[in-house]
Structure formats: C-alpha cells, structure tokens
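Heads up: the sequence lines are chains W and H, in that order. To convert, take the position in the first sequence, counting from 1, and add 100; that gives the working numbering. To convert, take the position in the second sequence, counting from 1, and add 100; that gives the working numbering.
Don't read these hints as lab results, they were simulated from the structure.
Just some of the chain H residues that point at chain W, by a computed CB distance under 10 Å:
no., residue
1, ARG183
2, ALA187
3, GLY210
4, HIS244
Backbone N, C-alpha and C define an ideal beta-carbon position, used for all residues, glycine too.
Number of protein chains: 2
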Amino acid sequence: MRTASLASTDGTEAAPGVQSVDRALTILDILARLGEAGVTEIAGELGVHKSTAFRLVATLEAHGMVEQNEGRGKYRLGVGVLRLAGATTARLDVVQEARSICRKLAADSGETVNIAVLSDRSVLYVDQVAGQSALQAHNWVGQHIPLHATSNGKVLLSGLSSDEVDARLPRLPSYTPDTVTTRAKLRRDLALVRDQGYAVAVDELEIGLTAIAAPIRNAHGDVIASLSVSGPTFRLGDLRVKELIPVVQDAADEVSRRLGHGSS
Amino acid sequence: MRTASLASTDGTEAAPGVQSVDRALTILDILARLGEAGVTEIAGELGVHKSTAFRLVATLEAHGMVEQNEGRGKYRLGVGVLRLAGATTARLDVVQEARSICRKLAADSGETVNIAVLSDRSVLYVDQVAGQSALQAHNWVGQHIPLHATSNGKVLLSGLSSDEVDARLPRLPSYTPDTVTTRAKLRRDLALVRDQGYAVAVDELEIGLTAIAAPIRNAHGDVIASLSVSGPTFRLGDLRVKELIPVVQDAADEVSRRLGHGSS
DNA sequence: CATTGAGTTGCGACATACGCAACTAGGACC
DNA sequence: GGTCCTAGTTGCGTATGTCGCAACTCAATG
Numbered sequence: 101m102r103t104a105s106l107a108s109t110d111g112t113e114a115a116p117g118v119q120s121v122d123r124a125l126t127i128l129d130i131l132a133r134l135g136e137a138g139v140t141e142i143a144g145e146l147g148v149h150k151s152t153a154f155r156l157v158a159t160l161e162a163h164g165m166v167e168q169n170e171g172r173g174k175y176r177l178g179v180g181v182l183r184l185a186g187a188t189t190a191r192l193d194v195v196q197e198a199r200s201i202c203r204k205l206a207a208d209s210g211e212t213v214n215i216a217v218l219s220d221r222s223v224l225y226v227d228q229v230a231g232q233s234a235l236q237a238h239n240w241v242g243q244h245i246p247l248h249a250t251s252n253g254k255v256l257l258s259g260l261s262s263d264e265v266d267a268r269l270p271r272l273p274s275y276t277p278d279t280v281t282t283r284a285k286l287r288r289d290l291a292l293v294r295d296q297g298y299a300v301a302v303d304e305l306e307i308g309l310t311a312i313a314a315p316i317r318n319a320h321g322d323v324i325a326s327l328s329v330s331g332p333t334f335r336l337g338d339l340r341v342k343e344l345i346p347v348v349q350d351a352a353d354e355v356s357r358r359l360g361h362g363s364s
Numbered sequence: 101m102r103t104a105s106l107a108s109t110d111g112t113e114a115a116p117g118v119q120s121v122d123r124a125l126t127i128l129d130i131l132a133r134l135g136e137a138g139v140t141e142i143a144g145e146l147g148v149h150k151s152t153a154f155r156l157v158a159t160l161e162a163h164g165m166v167e168q169n170e171g172r173g174k175y176r177l178g179v180g181v182l183r184l185a186g187a188t189t190a191r192l193d194v195v196q197e198a199r200s201i202c203r204k205l206a207a208d209s210g211e212t213v214n215i216a217v218l219s220d221r222s223v224l225y226v227d228q229v230a231g232q233s234a235l236q237a238h239n240w241v242g243q244h245i246p247l248h249a250t251s252n253g254k255v256l257l258s259g260l261s262s263d264e265v266d267a268r269l270p271r272l273p274s275y276t277p278d279t280v281t282t283r284a285k286l287r288r289d290l291a292l293v294r295d296q297g298y299a300v301a302v303d304e305l306e307i308g309l310t311a312i313a314a315p316i317r318n319a320h321g322d323v324i325a326s327l328s329v330s331g332p333t334f335r336l337g338d339l340r341v342k343e344l345i346p347v348v349q350d351a352a353d354e355v356s357r358r359l360g361h362g363s364s
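Could you put together the complete structure from these sequences and hints?
Structure follows, in structure tokens:
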C-alpha cells in the first residue's frame with residue numbers, strides 16, 4: 101500500500117484510471133459480497149445502465165471470472181478466480197508475507213517479533229525479527245516450545261476444538277510457578293483468547309519473559325499461525341502491554357488480510 | 101501462450117465485449133502465468149502501448165488485484181484475488197459442507213486433505229486443509245492437475261461414461277514411470293475405482309507422492325467432487341494406506357450425506 | 001557524469017464503450 | 001391458456017472515456 105498516494109485517493113472515490121475496468125472489478129466485489137446477483141441488480145449498485153452492466157459481465161464471463169446460473173439466470177463468481185488464486189498462493193506463505201510487517205513491528209516496539217505455527221504437540225517458531233534492544237533473547241526459529249506455556253501456543257490452541265486441544269496436550273508440565281497446569285484454567289484462558297483476539301503470557305514459560313500474541317488467519321478464517329512480541333518482563337509492564345496489544349493485533353490482522361482473510 | 105491476440109485485429113475470436121476489461125483480465129492471466137511482469141513486458145504481450153498497460157495495471161492495483169514489488173518494481177497478483185477466491189469457495193456448498201469434516205480428517209490422519217472437482221480437462225482443487233503442521237506445505241487450491249495421474253482425477257472420471265472420459269483426455273502424458281499412459285489400463289483402473297469406491301495413486305504424478313481419494317455424491321448419486329488424503333509415500337506405505345482407505349471413504353460419505361445423498 | 005531503460009503523466013484524436021430503446025423469453029397471475 | 005411483467009439480451013448513434021504519443025522522472029550501469 102504505497103503510503104502516500106493511496107491515502108489521498110480513498111477519501112470518497114477518486115477516478116482510478118480506467119473506468120470500465122474499475123466497474124468490472126467492482127462487479128467482482130459485488131458478487132463476492134452478495135454471492136449472486138442479476139444484471140439489473142448489478143447495474144443498480146454500479147449506477148449504470150443495464151446494458152452496460154451486461155456487457156461488463158459478459159466480458160468477465162468470457163474469462164471465466166463469473167458464471168451464469170444457467171440459460172437466463174443470475175451471475176456468480178467463477179472458477180477463473182480460483183485459477184488466479186492458485187497462481188497467487190504458489191508464492192504465498194505466511195513467513196514471506198509477514199516479514200515486512202514483522203520488521204516494522206519490531207522497529208516500532210523495539211522488542212522481538214516472532215511468527216509461530218502449530219506443529220504436532222508444540223509451537224514451532226518459523227520466523228523471528230529482533231528488536232533494537234541490546235538485550236536479545238536467543239533465536240527461537242526452529243525451536244519447539246510447549247503449547248500451554250506461551251502466548252503463541254494459546255493463540256494457536258484457540259483455533260482448535262476442545263478435543264483437539266486435549267489430544268495435543270497429554271500433560272501440562274510446569275516451568276515456573278505461573279505456568280498453567282490444569283485443564284480448567286487452560287480452557288478458561290483459551291476462551292478468553294478466542295473472545296479477546298489476543299493472548300498474553302507473563303512468566304509462564306520462563307521467569308522474566310513476557311509475550312503478547314495475536315492470531316493470523318487464512319481466507320477461511322482458520323488460525324494458521326501466531327504473531328507475537330516478546331521481551332523481558334521488566335520492560336513489558338502492564339501499561340506497556342496494554343499499549344502493545346492493539347499494535348500486535350493490527351499487525352496480525354494485516355498479515356491475515358494479505359493471506360485473503362477479511363472478506364467475511 | 102493462450103492469448104495476447106484476443107482482441108487484436110483478426111476476426112477469429114468474437115468480440116469479447118468490453119475491450120479494456122478484456123485486456124485487464126488478460127493481464128491477470130499473464131501475471132498468473134509469469135508470476136511477475138513489468139509494465140513494458142505486459143504491454144508487449146498485449147500488443148498495446150506502455151501507457152495503456154500502465155493505466156490498466158494501475159486500475160487493477162487500486163482494487164488489490166495486483167501489487168507492485170515496491171516503489172518502482174514489477175507487478176504480481178495481489179491479495180484481492182484471494183479475497184475473491186475465498187468468496188468463491190464459500191459459495192460452493194461442497195466446500196462449505198466438507199470443511200469441518202476435512203479438518204477432522206486432517207487432524208486424525210496428520211496428512212493433507214483436499215477437495216477437488218472436475219473442471220474441463222483437469223482436476224481443480226477447491227479446498228485444502230493441511231495436516232499436522234498448520235503451515236501449509238504447498239497449497240494446491242486453484243491448480244489444474246491432470247485427470248489420469250491422480251487419485252482425485254480417477255475418482256472424478258469414474259463418474260463419467262467411457263465416451264466422456266475419452267473426450268476429456270485426448271492424450272495421456274507421462275509424469276513418472278508409474279503414470280497410467282494407456283487407455284486400456286485407465287479403463288481397468290476406473291472400473292476398479294467404481295467397484296471399490298475409492299482410488300489410490302502411488303508415484304503416478306510425482307515420485308514420492310501417494311494419495312487416496314473417494315467420491316462425494318449429490319442427492320442424485322452423481323459424483324460431484326472428490327475428497328483425498330495425500331502425503332509422502334514413505335509415510336503412506338501399504339499398511340497405512342489400507343488403514344486410511346475406510347477413513348477417507350467414511351469422510352466422503354459423510355459429506356455426501358450432508359449434500360442429501362442416500363437420505364431419500 | 002552520461003546513458004540507458006524502466007515506470008509514470010499530460011494531452012489531443014478518435015475509437016469505444018455507454019445509454020437508450022426495442023426485443024425476447026421465462027414465470028406468475030388470473 | 002392467455003396476458004402481463006420482469007429480467008436478460010442486442011442494435012445503434014453519439015458523447016465519453018481511452019489510447020498512443022511523447023515528454024518526464026528516477027535508478028541503475030557504464
């Protein structure tokens with residue numbers, strides 16, 4: 101999102117360049133939103149004449165971007181979209197899309213940023229961007245970390261059903277006095293995470309270590325990864341944590357958006 | 101090479117409707133094929149002036165359909181495509197109904213689960229749920245895959261008549277030494293699939309790749325989609341495959357039931 | 001420092017895409 | 001079964017929006 105240029109244009113609706121193309125793409129958006137729509141309805145939304153809408157739709161249809169119910173029916177998105185999506189996802193993975201956002205987050209917060217995914221019975225760290233602070237936690241990438249004792253773990257678990265959680269956690273070993281060791285507490289924590297959309301863990305894995313994590317979701321809304329900011333507890337007090345929570349959430353949401361989440 | 105000459109000068113192709121929209125969509129096709137391209141390159145493929153290509157691309161960018169590498173870079177498909185794809189699959193009731201079942205199957209088996217439908221002359225993957233690791237190894241969604249070299253393909257073909265099969269497979273290209281390349285063998289395989297109610301493909305598309313698929317049927321009993329579990333051959337040996345076959349069949353049957361099959 | 005090559009923008013000519021209105025066909029209501 | 005009504009489809013002339021040109025900016029390369 102080219103920072104400057106875009107901000108100026110989306111105030112109301114600026115002439116985006118090629119009118120008919122803009123309209124055609126808007127039709128796709130409309131169909132994405134409504135699921136199905138007739139020519140007249142589309143024309144209404146666009147504020148153009150029926151025939152114009154029809155021709156645009158016909159062109160989209162020729163490219164497989166939309167399909168018609170049958171003979172005379174309404175229109176809906178077509179498989180051409182999926183073909184394009186295939187080509188997009190080919191080069192799309194969480195780490196790549198998240199990298200620039202993580203860098204920015206690390207620079208803004210000064211703390212270490214991590215991306216983690218669920219791997220069998222543990223949290224797998226797949227990327228890390230160090231903060232500016234000299235006091236550096238070691239590199240977690242490639243490490244397997246307990247699911248129940250980290251903010252990332254709780255976020256990842258929050259996307260699973262209760263059964264799946266139990267299956268992945270036969271035991272709840274303790275690492276510090278603050279580690280969650282009972283299923284009841286864990287269940288409560290996960291419900292809270294689901295509700296709030298973030299997780300915080302203070303001194304649960306290691307004394308003096310605080311982390312804030314938020315979920316990264318794919319186009320279907322599934323939690324596929326977790327993004328966290330972590331640092332020493334003395335730097336991340338209650339106040340600072342409160343400040344950082346929305347920042348972490350925004351970053352995670354932005355990554356999710358890049359992965360196609362947000363249409364629903 | 102499919103296009104570039106869509107609306108050129110010759111009358112081979114019927115006027116596709118709106119020229120600029122046609123060109124814009126062709127740009128998306130080009131980017132899907134090349135992965136990345138600059139304005140000049142696109143203009144060359146389209147046979148139009150640089151500035152024309154630029155304006156079309158700019159319009160696509162305003163809708164998030166393409167993105168620019170940075171400041172002055174090349175263009176590639178953007179996240180808008182994924183948003184649309186999400187809306188497209190959300191509309192397919194097969195995907196909707198199958199989603200939760202797929203997730204369970206993926207969790208239970210630890211392998212990747214796919215839903216595929218027949219699209220012209222290939223298998224079109226419309227949904228995928230990764231196995232143990234939430235990090236998707238390779239997302240096939242939107243990809244077109246040969247019909248005769250995959251378990252999904254065989255399942256989908258098994259619902260067609262012999263004539264239809266021939267019509268969709270003018271040739272049987274080989275991908276590995278184990279690919280089915282003769283019609284006689286294919287016919288035998290399909291008969292077996294019909295008889296057994298599942299298909300297995302080992303090293304037929306790619307060496308080291310094994311897949312098990314079963315049909316999803318609608319209320320009329322037609323095969324409308326295929327559900328598969330796939331993974332590396334070293335993890336899916338004979339024994340494991342034998343274990344998984346009924347599991348895959350059960351899952352597919354459950355989806356079929358939700359779509360109204362067998363309930364009447 | 002010149003040069004090349006890429007993306008970007010103002011402008012005028014003219015091709016094109018638009019709106020209009022007439023047409024067709026399916027469905028609903030009588 | 002007929003008639004009306006709605007919604008998708010098509011021919012046509014014209015104003016509109018789009019295209020090609022050429023000039024510009026900016027980076028990288030020599």
